[in-house]
Every structure is written in C-alpha cells, then in structure tokens.
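Number of protein chains: 4
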Amino acid sequence: MTINLPQLLDDLVTANHILDKHNVVDSFGHVTIRHPENPNHFFMSRARAPACVEIGDIMEFKLDGTVVGPNPNPGKPYSERFIHGAIFEARPDVMAVVHNHSPNVVPFSVVKSQRFGAIMHMAAPIGCNIPNWDIAHKFGDCTNLLVTNMEMGRDLAKTLADNTVSLMRGHGAVVVGKGLREVVFLSIFMEINAEMLVKAQSMGEVTYLSEGEVAANAKGRAGFTLERGWENFCRGVNRPYYPQAWEMGPGFSRTDPTL
Amino acid sequence: MTINLPQLLDDLVTANHILDKHNVVDSFGHVTIRHPENPNHFFMSRARAPACVEIGDIMEFKLDGTVVGPNPNPGKPYSERFIHGAIFEARPDVMAVVHNHSPNVVPFSVVKSQRFGAIMHMAAPIGCNIPNWDIAHKFGDCTNLLVTNMEMGRDLAKTLADNTVSLMRGHGAVVVGKGLREVVFLSIFMEINAEMLVKAQSMGEVTYLSEGEVAANAKGRAGFTLERGWENFCRGVNRPYYPQAWEMGPGFSRTDPTL
Amino acid sequence: MTINLPQLLDDLVTANHILDKHNVVDSFGHVTIRHPENPNHFFMSRARAPACVEIGDIMEFKLDGTVVGPNPNPGKPYSERFIHGAIFEARPDVMAVVHNHSPNVVPFSVVKSQRFGAIMHMAAPIGCNIPNWDIAHKFGDCTNLLVTNMEMGRDLAKTLADNTVSLMRGHGAVVVGKGLREVVFLSIFMEINAEMLVKAQSMGEVTYLSEGEVAANAKGRAGFTLERGWENFCRGVNRPYYPQAWEMGPGFSRTDPTL
Amino acid sequence: MTINLPQLLDDLVTANHILDKHNVVDSFGHVTIRHPENPNHFFMSRARAPACVEIGDIMEFKLDGTVVGPNPNPGKPYSERFIHGAIFEARPDVMAVVHNHSPNVVPFSVVKSQRFGAIMHMAAPIGCNIPNWDIAHKFGDCTNLLVTNMEMGRDLAKTLADNTVSLMRGHGAVVVGKGLREVVFLSIFMEINAEMLVKAQSMGEVTYLSEGEVAANAKGRAGFTLERGWENFCRGVNRPYYPQAWEMGPGFSRTDPTL
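Residue numbers (this note's numbering), protein chains in the order written: chain L, 1012 to 1270; chain E, 1012 to 1270; chain W, 1012 to 1270; chain C, 1012 to 1270.
Just so you know, the hints here were simulated from the structure itself, not pulled from any lab data.
Nothing here was measured: the structure is a model prediction, and the numbers come from that model.
Even glycine gets a Cβ: it sits at the ideal position worked out from N, Cα and C.
There may be inaccurate statements among the hints.
Here are the simulated DSSO-like cross-link-like pairs (lysine-lysine), alpha carbons at most 30 Å apart as the crow flies [claimed, not checked]:
#1 L:K1123 <-> C:K1230
#2 W:K1230 <-> C:K1149
#3 C:K1123 <-> W:K1123
#4 L:K1230 <-> E:K1149
#5 E:K1123 <-> L:K1123
#6 W:K1169 <-> W:K1189
#7 L:K1189 <-> L:K1169
#8 E:K1230 <-> W:K1189
#9 L:K1149 <-> L:K1230
#10 E:K1032 <-> C:K1032
#11 L:K1149 <-> C:K1032
#12 C:K1230 <-> W:K1230
#13 L:K1230 <-> E:K1123
Derived contacts from chain W toward chain C, CB cut-off under 7 Å, selection only [said to hold, decoys possible]:
#14 N1160
#15 M1161
#16 A1211
#17 V1217
#18 G1240
#19 Q1255
Use the sequences and the hints to build the structure in full.
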C-alpha cells in the first residue's frame, strides 16, 4: 500500500472537525497520528480549538514533544502533547491517539465506586473494565491536572497499559487505536455509550458486555464498519471523504465475506 | 389502490433521512419495506449510513437475505439484513421494519429489573411490556452481538412474537408495523417515550399506560395522525412529501369522523 | 387600544413555530387564542404539525368546537380542539391556551408521589402545586387518552380550576393565560423548569418557590419581560416581530418604572 | 497597553451572542464590563435578549445603576443592573460580570444538601465550595427574586465575598473575573461542569477537585487558554475575533513557556 501523506494529514484536519461536531471535544482536546514512515515522529495541530484547525496548523513532533523543523512555526504547540508522545513511545502498535474531555465520560472519572465499560456493541472495543489514571497519585494534589511533561505522560501510559482507553480523573480520557478512523469512531461511540450507561445506572443493575463479546467485536470490526461511519462523519462537517481502500467505489465497500 | 413503487422507494430514502434527523439511528441502523406486490421480497439500502442513502442505493432481497438481481451492485449489503428477512418471514402482517440503536432505548436493554413500555399516548402502540432478546441465550456470550444469519434472525423473530417492538440486549431494538410511516413514527416516539421514562423512573413509582389504553391507541391510530407527522418529518430533512391518500389536498386530511 | 386582528392571527402562526423550535411541541400539540371581539369564538390552526402552520390554516371555532364559516375548509380540525373550547368556556379570564406534550413535563404526569411546581423565578406563574388530570378517573382506563369531546374537555377544565397549568396523565399539559405571548413564554419556561426539577430531585430535597414568590412574580410580570422574550423567539424562527405597545421603538421598551 | 474601547465594546456584543449560543443565557441574563479608564462606570446592553444585542444597545452606568448620558436612550435598562453595580463596587479586582440562569447550575441552587464545585480542571476557577445566596434571608419570601436595587445587590455581593461564583437560590448565578474573556469562558465551563456533576452525583460519591488543584488552575490559567476558547466561540456566532495580545499572529499565541 502506497502511503498518501497529504491525504492523511487532510484526514487529520477532518478528524478535528468531526470530534468537535460530535461533542467529543469542545475548544479543547486533540487528536494525533504517528508518522506512517517514521515511527519516532507524530503529527498534531498547533494549539488551537479543534473546530478551527486547518492544514497549515499541522506540526510534526518527536516522541519527546520536541518540534521538528523550523520552530515555533506555525505557532505554539499544545502543552499536553506529551500525552500523545508518551503513548506512542510505550505502545508501538498505536498509530493514533485522541485526548478529550468527553462530557458523559468525565463523570465516570470522579466516582470511584462506578465501573466504566461497554454496554453496547458499537463501543465494545473500549473494553469492559477501563482504568482511571489519577495524576495526584504520583504528582500530588496541587497540580493543574495537565500532562505537561514526559514524566507525566509516561505515568499515564503505564496506567493505560495495553488497554484501548484510560480515564483521567477530573480531566477526561485517552483513546488509542491502529488508525485515525478507529480512534475517532471509538471516541464518538464511547461518548454515546457513556450517556447510555449513566441512564442505565440510574435504573438498576447493569449487564456490561462480556469479555468474549468485547473480544469478538474488537477482532471482527471490519474496515467497512469504520468506512460507513467515516463517510457520514465527513459529510456532517463538509469535508472531503477519501475512501480508504482501492476496491471501494463511489460509495465504498464490496467486501462482505458473505457475498 | 394503485401501487406507486418509485414513490414508495423514494419514501424509503426519506425514511432513512428522517430516522437520522430524529436521532433514532446514527451511522448505523436500517429501515426496510416488504415488496408491495411480492411478499417474498423486501427493499433495503446497501450498507451505508442512513443520512447518506440515495435512491441508487436501494436493493431488493429475498427473505433469506439473498440479493435479487445483478450482484453485488450497487454495493455491499448490510450484514444484518437477516433481522428484516426473518421478521418478514415470521410475520406476514408486517410491511416495514426499523432496526436501531435508539440512544434512550438501549439502556432498557441492559437493566434486567427495569420494565420498558409506553407511558404516554403517542408511543402507545409499542406496548406496555416489551420483550428483550438476548443473543447470548442461544448463541453464547462470545458473539459480536450482530444478527448475521437467518438462524439468529429467526431467534429474534421468535422473541418478538406478535409484539410491535423487541429490545435487543446491549444492541438496540426492532420496530415493526403495517407501513413505512408507521414504523418511522413509532421509532421516533419510542425514543421520546424512553427518555421520558428514564426521567420518570428517577423520581418514583411510574404509572404505565394500561393494556386497554394501549389497545385503544393501536386500534384508533388514524392515517391522518401518521400523515401529520410525516409531512413535518419530510420538511425537516428537505425531502418531498407525497400525501398518501387521494382525498388529501395540498395539506392532507379532511377525514375527521366528527365532521 | 385598537385590535389588529390580521396581526394577531399572524402572531398565532408565529407562536406555532416558536413552540416547535423550543421543543414544547413536536408534530403534535396546539395553541389557540380567543377572538378578541367575540368571546364565544376562538382561533386555531387546522390539524397540522405546528412547524408547518401557515396563515391560511387558521380556522375559527365556537366554544363547543363547531367550525365557524364554510366547512371543512381549510381542512380537518384538530380532534382535541375541545380542550381549548372547554377552557375558554370555563375561564372568561383566559385569552390563550397551549396544549403540549412537553418532554420534561410528561414524566411528572406519571409519577404520583412527585410534586410538580416552579423552582425558578422565570417559571413562577405556573404555580408551586400543579394539578394532574387523569382521564381514566371519569372515562375509564380504555380510552386513547385524547380529549375528543366537550364532556372530556369540561372535566379537564374542572381539574385546571383557576390554576395556570394542569398536567394530563400520560399525555402532557395545558397552559393558560391572558395573552398569546404569555402562554408561549410560560410553556417554554415550564419545560426549562421541569428539566431543572428532574435534575434537582435526583440530588436531594428540593426548595420550591414559596406561594408568596409565585404571587409576586405572577403579579409583577411586566409586559416588557414578555416582549424581551418574544422579540428573541421571533428571530429564532425568522418571523416578523410586532412590538405590542405603541411606545416601544424599533427595539421595544422604555417603560421601566425606575426611570 | 493602549485601550481600544470601541473594540472592547464590540467584544461585549460578541460576549452576549456567545453566552446565548452556549446555552448559558436564553432570553434573559446579562454580561457587563467595568469601564477600563473609569472604575466607577460600567457598560451593559439595554434590556434585550442577549442574542439580539447590537453595538447601539450598549449603555454606560454609574455603579449605583444610574444611566450615564442622555437618558433613556437607547432604551430601558435591565432592572437587575444592580447585581453588576454592587459587585463592581465591592470588588475592585473584578472587571467583568456575568449573571445567568444556566440550566444545569440552577438545580444546585435549590438543593440544600448538595455541594456545588468543580470536578474537572477546565472549570477549576469556579472553586470547590461555592456559596448560595438566598434573597429570602434578608428580603423575605414574598419577593419576585429579582435584584432590583442596590441594597439587594450589596447583599448578594456580601455572599459572593472573594469567590469567583455565587449561586442565587431559585434564580441562577453570578460569575466574576478579571476580564470579559475570562467570565465568558468560566460561565461556559461552569455549565458543562454542572451537567457532569448532576450525572456523577447520580452514580456514587464524587471526588471534587482539591483546593490545591483549584488554586493551581486559577493561578496558572494563561491568556492563550482563554484565547483558544475565544477564537472558537467567536467563529461559532459569526463575530469578529480580535487577538488580544500584540505578539499573537493570525492564529494567536506563541507564548508557551516550554518553547
């Protein structure tokens, strides 16, 4: 597969707009992709509200958060870029990261007795028992809760371990995946799942997805599932939709194994 | 009554857009109609987000999910078309089916002790005691929860029995009816009723509609009630509104029995 | 004051659109005004979704629900027009009525132990102890819950008594007032108050407004308060705003008693 | 720094629109700034819904609520301008004030046993233990809850003391700060925090931010954080964005201390 870097970066801009439209981020939060040809670098917008991000805002970083290239153009980087760098460092399998303050997810980060996990299949890959990183455990209770250096980022990555998601107490969450479509998709359905779970919890004992159901979904989630969402998400923010696989036509997918 | 098939299929496109606009479906979920002249066939979009569906996406299927006509054009079918086929097979009275992940309905599918049913008259035909199909009962707890073959679809249809709605644990719901307007209308008011019920449950003991009230509504729901909603729904998504009965003028209805 | 009937009827169209925009009505619900020169007649749209109502849809009725003038033009009337007629009959002080299925209000109609009333000043005139009419008490538990004749309407009016609001179990509410702006304004703030109250109830014992506070608000609610809302509501639905008092300029009001 | 008064007043118009768009105010609520060159005066719109406010509506007042200049042009002032005047009088550090009926905040004002405070870092400066002013304590339980003279305003300012926020029982809240961007930003994130807290409270014991975390956020909140929000908020209401610091380019900020 030939890598089309300009198109990938354009998709990164689109991802910013989609996350804003779906209420996963507001003026804050960010999404990154690992450089497809240089695993030691990643791409991220300069410090700007996701809805405002344009192609000229995309910057390249080393995993330790150092800006690559003439600096500080195009502008100040996000002070929390270390979240992303530290996760890319710890998890070679991860190609994209979202950090958000997803409004229905944050409540789960501040209620200790409350289990957060998937109750519906669309959100299954977030897992059925999601860890919650508390910055105060290692850095004390007088921080501003921001992850502003690699030491903090590495501590968060340790809590994330090999999960898809970690909550961050009083702050938000990180979502990781093998690609940009996947982390955007999961961030959106994590927010939907969280709102459903708040409601379910108010009514009685909740049946979460089983570990087997989570595994079956995580394993079986086909590219065309992500494509169906991505085409629709792109339309919703008036951004170009680039079908990801060559065999996809003007719509996208003819890959059903049952055909 | 002469059947106007092109208009019916155009209404199917409209139904997709309406369900999206009213938050009953998002990038997933689907709506089908039985072929009005061939009860062994049904119509459904190819696998695409409902908001994106166009007339060229509509495909014809046999009840067992086999594509009718040149295949695989216009594209990959929904892998869950068996939900619809199995219900059309089991219920000759059913002419249209919606499958959704309606966000206020899903919570009721994962709280065993919680009764789901109509508390307000607009949603009355969903019933006052709605069954909940759990795929794990017959197919184990390691599925991805999707209904991807006729065996699963038939098991769901068995739980649905002669009800209007069945929940699907950790997944969503199916809504069936005698026509497209009816299933769209009911799906919208089921979601509204569910949100009201979550709130009512948080405040004390709830009075559901009685069986007599459900029956009176289901029986007495006149065509002009569906038309009043349908005209408004069509406007909301900028789609043409075709009045369904010949005696309806530019507005629609002069059929009040009290006149 | 000279009555400008065409302008009043145009405001009635606007009121329909405003109530839709503010989620007080959806495809159902209606608003009426008493004829300003003939207290035995009232105006109401034909049976159409409020968002679709145009000036040509407005019909004139006698209090018993009989259509005035050539019938059945412009179309079928609402089958629940008896709600309005019976209230205008019982309450000579009432000049306008809204009937709605306001989504945060309905839950209060189905939870017997839950008190509904104003907790914030904008909604004060709805009162601090609102009655709940149950159609089943007089007409049994096999109705479709609709108020389709004068006997039912009169029973509802009896429960309403001299209140501003009555809930209707499993159905919605009626809101009455001295003018169109007032009932629209109160319907909007009743819905807002209801959503606040659901949340407050989930957190502990609630302090409702006192009877003295309700009275002070009901008495002191100046015309310019309604005007401030009405100007804004009209803009939100792209409808003309007619300042109601002669002394109001292009904005509206210079009537502050403290000036 | 040269003061650009016309631009500041234009920002005040923008602030009105932003607060409306983010559901912090509806047809009611107001925002003010102290005159940057005359601490005994402040600016505020005439009595109009925030979404409708234009530059010609801005009026100048003395701290006691008296209109400065030809009166009563451009129109009737807000009857609650004394909220702002009394706070500017009591708190020389305060340069801007928002008064709102923020829908998720009001419930906290009517539940005595419920603590309101920040649970997530974006809202940290609102504090972790927010006072609740009850007009009835001093003025009895027969008021209409409005703050319509300086005596009432001063009583509220006394409860506010040196906090950033005070609730107002059955009414809303006041938010104060060192500048317009700050009070708008905090009002928006207070509403978001309140909605999160309602949900968290329904699920178990809540961990609020610690006092140290609140202090670290309040102290460390850099101008570029407010700018990132403000640029995005301006876009959302189609209003001009004026970068506030000279060193900010077409985007805004290159001031990261880590660069």
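Status of each hint after checking the structure:
1. Between the alpha carbons of K1123 of chain L and K1230 of chain C the distance comes to roughly 28 Å, so the proposed pair stays at or under 30 Å and holds.
2. Proposed proximity of K1230 of chain W and K1149 of chain C is supported: the alpha carbons are some 21 Å apart, at most 30 Å.
3. Note on K1123 of chain C and K1123 of chain W: the hinted pairing holds, with a Cα-Cα distance of about 24 Å set against a maximum of 30 Å.
4. With a CA separation close to 21 Å, the supplied pair K1230 of chain L and K1149 of chain E stays within the 30 Å bound.
5. Of the supplied pair hints, the one linking K1123 of chain E and K1123 of chain L holds, its CA atoms being roughly 24 Å apart against a limit of 30 Å.
6. The suggested pairing of K1169 of chain W with K1189 of chain W holds, with an alpha-carbon distance near 19 Å, which does not exceed 30 Å.
7. Pair hint K1189 of chain L plus K1169 of chain L holds up; C-alpha atoms about 19 Å apart against a cutoff of 30 Å.
8. Pair hint K1230 of chain E plus K1189 of chain W does not hold up; C-alpha atoms about 38 Å apart against a cutoff of 30 Å.
9. Among the hinted pairs, K1149 of chain L with K1230 of chain L is inconsistent with the structure: their alpha-carbon atoms are about 34 Å apart, more than 30 Å.
10. Simply put, K1032 of chain E and K1032 of chain C have alpha-carbon atoms about 21 Å apart, close enough for the 30 Å limit, and the pair holds.
11. Proposed proximity of K1149 of chain L and K1032 of chain C is contradicted: the alpha carbons are some 39 Å apart, above 30 Å.
12. As the CA atoms of K1230 of chain C and K1230 of chain W are separated by approximately 46 Å, the hinted pair breaks the 30 Å bound.
13. Using a Cα cut-off of 30 Å, the hinted pair K1230 of chain L and K1123 of chain E holds, with the two alpha carbons roughly 28 Å apart.
14. Using the Cβ-Cβ criterion of 7 Å, the hint placing N1160 of chain W at the interface with chain C is not satisfied: the shortest such distance is roughly 38 Å.
15. Here the hint on M1161 of chain W is broken, as its CB sits about 36 Å from the closest CB of chain C, past 7 Å.
16. Taking 7 Å as the C-beta contact cut-off toward chain C, the hint placing A1211 of chain W at the interface holds, the least distance being around 4 Å.
17. Contact between V1217 of chain W and chain C, as hinted, is supported at the beta carbon level, the nearest pair being about 5 Å apart and thus within 7 Å.
18. Interface hint at G1240 of chain W: satisfied, since its Cβ lies 4 Å from the closest Cβ of chain C, which is below the 7 Å cut-off.
19. Interface restraint check: Q1255 of chain W against chain C, minimum CB-CB distance 14 Å, threshold 7 Å, status violated.
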